[in-house]
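*Asks:* Next come the chains, spelled out residue by residue.
Number of protein chains: 2
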Amino acid sequence: MPSPAQNPQLKPAAELSIAALAGIPLVKEGDDIAGLILNGLAASGLLLRRGDVLVIAQKIVSKAEGRVVRLADVDPARDAIELAGRDGDPRRLELILSESTRVVRSRPPLVIAETAHGFVCASAGVDASNAPEPDSVVLLPEDPDASAARIRHEIRLRTGQRVGVIVTDTFGRAWRVGITNVAIGSAGIEVLRDYSGQLDPAGYELHSTVVAIADEIAAAAELVMGKTDRIPVAIVRGLAVEGHGSAKDLVISPEHDLFR
Amino acid sequence: MPSPAQNPQLKPAAELSIAALAGIPLVKEGDDIAGLILNGLAASGLLLRRGDVLVIAQKIVSKAEGRVVRLADVDPARDAIELAGRDGDPRRLELILSESTRVVRSRPPLVIAETAHGFVCASAGVDASNAPEPDSVVLLPEDPDASAARIRHEIRLRTGQRVGVIVTDTFGRAWRVGITNVAIGSAGIEVLRDYSGQLDPAGYELHSTVVAIADEIAAAAELVMGKTDRIPVAIVRGLAVEGHGSAKDLVISPEHDLFR
Chain A
1 MPSPAQNPQL
11 KPAAELSIAA
21 LAGIPLVKEG
31 DDIAGLILNG
41 LAASGLLLRR
51 GDVLVIAQKI
61 VSKAEGRVVR
71 LADVDPARDA
81 IELAGRDGDP
91 RRLELILSES
101 TRVVRSRPPL
111 VIAETAHGFV
121 CASAGVDASN
131 APEPDSVVLL
141 PEDPDASAAR
151 IRHEIRLRTG
161 QRVGVIVTDT
171 FGRAWRVGIT
181 NVAIGSAGIE
191 VLRDYSGQLD
201 PAGYELHSTV
211 VAIADEIAAA
221 AELVMGKTDR
231 IPVAIVRGLA
241 VEGHGSAKDL
251 VISPEHDLFR
Chain B
261 MPSPAQNPQL
271 KPAAELSIAA
281 LAGIPLVKEG
291 DDIAGLILNG
301 LAASGLLLRR
311 GDVLVIAQKI
321 VSKAEGRVVR
331 LADVDPARDA
341 IELAGRDGDP
351 RRLELILSES
361 TRVVRSRPPL
371 VIAETAHGFV
381 CASAGVDASN
391 APEPDSVVLL
401 PEDPDASAAR
411 IRHEIRLRTG
421 QRVGVIVTDT
431 FGRAWRVGIT
441 NVAIGSAGIE
451 VLRDYSGQLD
461 PAGYELHSTV
471 VAIADEIAAA
481 AELVMGKTDR
491 IPVAIVRGLA
501 VEGHGSAKDL
511 VISPEHDLFR
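Chains A and B are the protein sequences, given in the same order. Counted from 1, the first sequence has number 166 at position 166 by the numbering used here; the numbering is strictly sequential. Counted from 1, the second sequence has number 454 at position 194 by the numbering used here; the numbering is strictly sequential.
Just so you know, these hints were derived from the structure itself, not from any lab. Treat each hint with caution, since some may be false.
Stated by the list, open to error - FRET-style restraints, in silico, Cβ to Cβ:
hint, chain 1, residue 1, chain 2, residue 2, range
1, A, P108, B, P394, 51 to 61 angstroms
2, A, I81, B, S358, 48 to 58 angstroms
3, A, S106, B, L417, 47 to 57 angstroms
What the hints assert, rightly or not - Far from chain A, some chain B residues (derived; all Cβ distances over 10 angstroms):
hint, residue
4, D291
5, D292
6, L296
7, R330
8, L331
9, A376
10, E402
11, H413
Said to hold, decoys possible - Chain A is faced by these chain B residues, among others (derived, beta-carbon under 10 angstroms):
hint, residue
12, S277
13, R365
14, A382
15, R453
16, Y455
17, A472
All values derive from a computational prediction rather than experimental measurement. Where a beta carbon is used, it is the ideal one built from N, C-alpha and C, also for glycine.
Using the sequences provided together with the hints, build the complete structure.
*Replies:* Structural data, given as structure tokens:
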């Protein structure tokens with residue numbers, strides 16, 4: 001990716017490049033995500049560098065891991081039938097409930113739920129878009145941090161490069177319209193950056209200023225990825241975020257969540 | 261900024277560059293933000309292009325607009341004294357209440373409030389960090405969309421270029437740890453991108469998939485801006501987001517907010 005040094009016109013204090021990775025085929029169960037990414041990179045003539053961060057849409061990770069369910073195979077129980085209301089598919093609601101530890105809000109057939117990972121999101125992450133066949137849905141990876149770590153490890157083995165990996169999904173938020181891409185799994189990067197104790201130019205100490213940089217990286221990558229699964233991977237270059245954070249660090253405990 | 265064409269190694273499907281703008285001095289009331297940005301760009305040898313998006317931290321906009329209050333000038337009422345608890349400054353709480361239309365949550369001295377703009381955030385955006393003097397605080401701009409539009413207009417007048425402008429602040433979120441940068445004002449850009457009706461590769465129609473791209477652009481820019489006010493501006497190049505959205509479009513109505 002171009003660096004500021006290659007362009008004498010530009011002397012920014014810092015610069016990021018975010019590239020969409022073309023050439024990833026539709027993913028199916030058992031596919032080797034690291035291999036598909038390295039093939040895509042090779043086709044683009046792009047070499048990974050230490051410190052690059054690969055941002056990978058959850059959907060392809062889930063598909064490769066076999067987290068796809070055919071609705072025909074689901075037998076909904078009474079609570080799923082109730083939550084489905086008139087317009088929902090009770091089989092889909094059954095899957096949402098089985099992926100949830102708690103229903104946070106519901107307005108049939110819409111459900112906001114907390115997943116086993118601790119994420120609060122629409123439909124507990126159960127999603128029909130970009131599913132491999134019409135009557136199937138895709139679930140979140142069972143352990144997205146582990147998924148990210150596996151992909152990172154494979155890339156290290158095959159290229160020698162230490163990169164960061166973030167697995168993402170698009171979540172809604174309270175108070176604001178629209179979804180944004182967030183980190184649900186990560187490996188090899190700092191997830192939160194704590195500015196506490198740093199001084200502003202006036203000497204005022206910054207208190208409890210913890211920035212969710214993994215979510216900001218996920219959001220940045222979405223701008224080149226889009227929503228139709230044709231570009232499920234982006235490469236972010238120019239960050240200095242090597243570290244050991246887990247996306248679980250982004251899950252807030254109820255007693256600390258004043259926004260709840 | 262470098263473009264993919266300048267680097268034959270890279271053929272991504274899409275590429276963004278995000279550059280921190282160095283050389284913006286500490287801002288004071290009456291300063292001309294557009295002029296300071298153009299000076300910073302000139303010092304970096306950088307020319308704006310149509311379609312570039314300038315991302316500007318709220319703090320410098322507020323300071324230029326005189327949205328700074330000395331705590332010594334504030335006379336707290338009883339409700340502010342109560343909300344301050346033992347550890348808070350009642351004068352600061354008085355300002356938070358005067359900036360709020362509604363207190364959403366409080367645990368003295370912490371307050372989550374809804375502002376007159378409709379934003380839900382900590383302390384109604386009242387912030388002591390990066391304030392111009394030790395005993396002062398900075399309020400959000402009164403109309404951040406108008407602030408963005410003014411800066412955009414000035415840049416068009418002086419350079420002939422149509423750019424997008426986003427004014428940002430870092431907000432906390434429900435359910436997730438840490439703050440992320442979001443759009444509180446915008447001009448000349450698409451704020452929400454609606455993928456409804458588009459088909460995924462399997463022909464499945466995407467429903468109610470509205471991405472808050474202005475917030476994603478804000479988040480992306482924060483990665484090069486940091487929190488100490490030394491880099492309050494970033495330039496994002498490579499987006500195709502020209503449009504007419506308002507950051508008010510990001511404020512959800514209570515009846516639509518299932519996450520509330």
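*Asks:* So, for every hint listed, does it hold in this structure?
*Replies:* Comparing the hints with the structure gives:
no., hint, in the structure
1, A:P108 <-> B:P394: 51 to 61 angstroms, "54 angstroms, holds"
2, A:I81 <-> B:S358: 48 to 58 angstroms, "50 angstroms, holds"
3, A:S106 <-> B:L417: 47 to 57 angstroms, "51 angstroms, holds"
4, D291, "15 angstroms, holds"
5, D292, "20 angstroms, holds"
6, L296, "15 angstroms, holds"
7, R330, "14 angstroms, holds"
8, L331, "13 angstroms, holds"
9, A376, "15 angstroms, holds"
10, E402, "20 angstroms, holds"
11, H413, "25 angstroms, holds"
12, S277, "5 angstroms, holds"
13, R365, "5 angstroms, holds"
14, A382, "8 angstroms, holds"
15, R453, "8 angstroms, holds"
16, Y455, "5 angstroms, holds"
17, A472, "3 angstroms, holds"
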